[in-house]
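Visitor: Spelled out from the first residue to the last, the chains are:
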Amino acid sequence: MSYVRYNVWLTRQKVWTEEKLNWLIKSKEVYNDREDILNAFNTHFNTNITLKTLRHVSAIHKLYLPKAKRLLQKSLESSWISARGFTKKYIGDEISNGKATYIKTSNESKRRYDNYIVKQRYLYEHYHNVTLNTNDFIIFLNGDKKDFSKENLYKVSRCVCSALFGSKFHIENSFQTLSRIKYYEWKEKINLLNR
Amino acid sequence: MKKSISEIVYETSIKEIEKLNSLTVTDIEKHPYLLKISQLKNSHVLALIKQQDIEYKEKDLSLKITMYGLRDDRNNVMKDHIKLQEQKLK
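Top line first, the protein sequences correspond to chains A and B.
With this note's numbering, letter number 33 in the first sequence gets 33, and the count goes up by one each step, no holes.
With this note's numbering, letter number 3 in the second sequence gets 198, and the count goes up by one each step, no holes.
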């Protein structure tokens, strides 16, 4: 018996039948937005297609469906307008880049990031009524970078900060970090007196 | 009551910082051994911290070993189950 390979294309079912395509052509007269057409199509034929596939189909069969204007407008507002400075930030507003949160404190400088201060730094200055140098760093004792309470923030020097995170010892709780910080401060003191 | 290592580190470092703060330049010139004693204590405390870190790593390793043992047992059970199913099909 000779082996005959089964051809898939002979018995394939057409996904985009003429019924569906005709429905899409007629829907242009009813709806003005592509998102509405998509929702109506999914409910009518009980399917789960996305905007990407609909775009692909309209391009292949030359349906000339209307654009998804609402979604386009939303994306414009989030990216294009904010990039050109139309969404203005006021003093006291917060921005975050995923790693740290910043607070806007002034409008004086032309350079954008001179007007912003890191949140933990700003709060520490207000908690203790001090002005921080460039040598000072603020550490979260808890390890949680979203906990801005007074007990969780601690001021260390640049040397201590680099020694603490450079050592790569495992730290379990906030008291352990405090003890390590005190140890490195002691070490820094000895090094300063040795000079 | 026995103190934990982090408590010992905290207390000794605070005491030593206070001592060093009270020292003047002339004191250090007169008695240079004061600084050396402090340095020795510092190295001793560092050894304690390293000991604490080693203890943590040992605990972590033992936990990992038990986890891998459990995983091995589970895999053996799965293999036996597959063999039984194959025998049933035959």
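Please keep in mind that the hints were generated in silico from the structure rather than gathered at the bench.
A virtual CB, placed ideally from N, CA and C, is assigned to each residue, including glycine.
A few of these clues could be false.
Unchecked claim - Computed cross-link-like contacts, EDC-like style, restricted to lysine to aspartate or glutamate with a CA-CA straight-line distance of at most 16 Å:
no., chain 1, residue 1, chain 2, residue 2
1, A, K168, B, D275
2, B, K214, A, E108
3, A, K155, A, D136
4, B, K254, A, E172
5, B, K236, A, E94
6, A, K110, A, E125
To be verified - A short list of chain B residues far from chain A (calculated; beta carbon distances all over 12 Å):
no., residue
7, I200
8, K210
9, K214
10, S238
11, E250
12, I260
13, Y263
14, R266
15, D268
16, H276
17, E281
Visitor: Now tell me, hint by hint, if it's right for this structure.
Guide: A quick look at each hint next to the structure:
no. : hint               : verdict
1   : A/K168 with B/D275 : violated, 44 Å
2   : B/K214 with A/E108 : violated, 46 Å
3   : A/K155 with A/D136 : holds, 7 Å
4   : B/K254 with A/E172 : holds, 13 Å
5   : B/K236 with A/E94  : violated, 46 Å
6   : A/K110 with A/E125 : violated, 24 Å
7   : I200               : violated, 8 Å
8   : K210               : violated, 9 Å
9   : K214               : violated, 10 Å
10  : S238               : violated, 10 Å
11  : E250               : violated, 10 Å
12  : I260               : holds, 18 Å
13  : Y263               : holds, 21 Å
14  : R266               : holds, 24 Å
15  : D268               : holds, 29 Å
16  : H276               : holds, 34 Å
17  : E281               : holds, 28 Å
Hint compliance for this structure: hints 1, 2, 5, 6, 7, 8, 9, 10 and 11 are broken, all remaining hints hold.
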